[in-house]
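Use these hints to put chain B onto chain A, whose structure you have.
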Amino acid sequence: MGGWAIAVHGGAGVDPKLPEERQEEARRVLRRCLGVGAAGLRAGRPAVDVVEMVVRELETDPVFNSGRGSALTQEGTVEMEASIMDGRGRRCGAVSGLTTVKNPVSLARLVMDRSPHSYLAFHGAEDFAREQGVEVVDNSYFITDENVRMLKLAKEANSIVYDYRVPVPSADTCSASAGLVGATTDGGMQMNGLPISIYAPETVGCVAVDSGGWCAAATSTGGLMNKMSGRIGDSPLIGSGTYACGACAVSCTGEGEAIIRSTLARDVAALMEYKGLGLQEAVDYALKERLDEGKAGLIAVSRNGEVANGFNTVGMFRGCATEDGFMDVAIW
Amino acid sequence: MGWAIALHGGAGDIPLSLPVERRAPREATLRHCLELGVAALKANRSPLDVVELVVRELENSPCFNAGKGSVLTTNGTVEMEACIMDGNTKKCGAVSGLSTVVNAISLARLVMERTPHIYLAFDGAEAFAREQGVETAHSSHFITTENVERLKNAKEAKRVQIDYTQPIKGAIPSTKGDSQIGTVGCVAVDGHGILASATSTGGLVNKMVGRIGDTPIIGAGTYANSYCAVSATGKGESIIQATVARDVAALMEYKGLSLKEAAAYVIERTPKGNVGLVAVSANGEVTMPFNTTGMFRACATEDGYSEIGIWPSGINDDLEYPNK
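Residue numbers (the numbering used here), protein chains in the order written: chain A, 1 to 332; chain B, 1 to 324.
Don't read these hints as lab results, they were simulated from the structure.
Predicted model only: the values in this text are computed from it and were never measured.
Among the hints, a few may not be true.
What the hints assert, rightly or not - Between beta-carbon pairs, the in silico distance windows are:
id	chain 1	residue 1	chain 2	residue 2	range
1	B	Ala127	A	Phe326	45 to 53 Å
2	A	Thr60	B	Pro15	50 to 58 Å
3	B	Ser140	A	Ala39	35 to 43 Å
4	B	Glu156	A	Gln132	23 to 31 Å
5	B	Gly76	A	Arg114	20 to 28 Å
Note that beta-carbon positions come from the ideal geometry of N, C-alpha and C, so glycine has one too.
Chain A extracted, bound-state conformation:
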């Protein structure tokens, strides 16, 4: 064991009827970002630099729900959030409520490195961005036509789109967790009243362990389609969507509220640290025992160069690579 390793994700919960060309597009982006990360690790870059770099790539690409391509608030605007954690020293940085910052994960990094705090949000975060001179653009840059369409549909269904790609076996499951989902029946291939063919992916994330054995994690998102303005999800919350320590690094995606309630990312590490489970065991345990009815997925690496992932959704856009040459990109 040992050596570097990296994993990326582009969101848990995938439309099982996703057209092949969209699948291929997603795989291509994942493969490319994985390549960027692997090259960095091969060149001896620290894990925290690598996860930032890879998430920047994922943010810039409109295919996934972060940066450009972010889900829209009920007002039709974009509010982005991200967090990064360096297992070395467990330093962390997070941001929420960004509306003009091109790469939220990099601002999170600056919060970690250049402010006395760990988490900045909304106007304060935007001010900090300007102070730091990061690249800012108009909010419209982040908005894609596809997501404008999605928002319209979500409003018509009058619901928050959690994971509308998962077939609903019965009305109860989703209303229990969503609270205001209007269940419909249509051969089981609808969720939140929306046809399952609606496609809009989720959060992005990256975890890596470098050749020094240090782990790091980063997660970035636009959040939930049709969310209330000001809503914060799991992605910027250390211990929920993102976590890294000496033992491992974790990045989660899925129903934010469920991930927060289960402090999913921290739990994977705690299971390793306090219960002595191995990486994949901890991942499986956390997903099985901690989520209740929540839908989520996660990726993880350990200081020993292992990679693991798990999800209880219909799919998760993901990829991983290890120093011994193994590389894989998958959706289902």
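Below, chain B alone, put in the same frame as chain A:
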């Protein structure tokens, strides 16, 4: 088993020389809030109701860094945050960046109960507050002269720091003679082992606008599940990276430690001077460890034990009431 309750008004560098005029009102408030909480538990109110009502009381007191009496941002404004968690269902609610809401903890509860979300912040949270018709007030309600003074001192100290020491990236300096870091919180368990936790704060003196601390982050400053309920206080940044509240529960669950052992373990591993917490377990145990100079705290259990304190037991406090 049996009910138990613990509450805090902040851990920090509370000097032993704290003058009586600053000490007495705080102790009186702790006592008053403890009595309120105990009465509610005896009246079979749910732990969720109990922690909310106790924290509301602490927020309304100008003595502590929450609600009225919140410390100020670098702009001289208040930005309050709070969080509540129901250990039975693991439902939770959190708010940040509030500037007009009189009781942040109650808004957090409304987020939990009346939205599909867990956490609302800044303008969105304020808008929700108005929608819900909660009590709001002008900033003058929250800002105390004490805190205006604190902010002034903090800014002056920072200037001095830059002059004479290696420039630390804006580290918040401690001002002698007063607790800079504080928060209020309450944890409770009823006779059935149902747990709840609530925490509320104005944050760090001279914090950057938009800075969020540990209080509203589930697992950091606040946590409750079927094992225990925890509310932490201290330096937010340290509490976040150590996921203090969640770790206490995780140690009990995954490593089989007792409440006291788990809490002590976490406190010991967090840099000294940075953290304190109150916690209760499903069995009605209480613990209130801290690694700061002091922590304003109080607790009571059904079997008659109660305690109100500031510094480590045995030091300078004549306020223990065993078997009251």
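Verification of the hints:
1. Ala127(B) <-> Phe326(A): 45 to 53 Å: Between Ala127(B) and Phe326(A), where Cβ atoms are some 49 Å apart, the hint holds.
2. Thr60(A) <-> Pro15(B): 50 to 58 Å: Distance hint for Thr60(A), Pro15(B) holds at roughly 51 Å.
3. Ser140(B) <-> Ala39(A): 35 to 43 Å: Because 57 Å falls outside the window, the suggested range is violated.
4. Glu156(B) <-> Gln132(A): 23 to 31 Å: holds, 26 Å
5. Gly76(B) <-> Arg114(A): 20 to 28 Å: holds, 23 Å
Figure legend: structure checked against the earlier numbered hints; the only hint not met is number 3.
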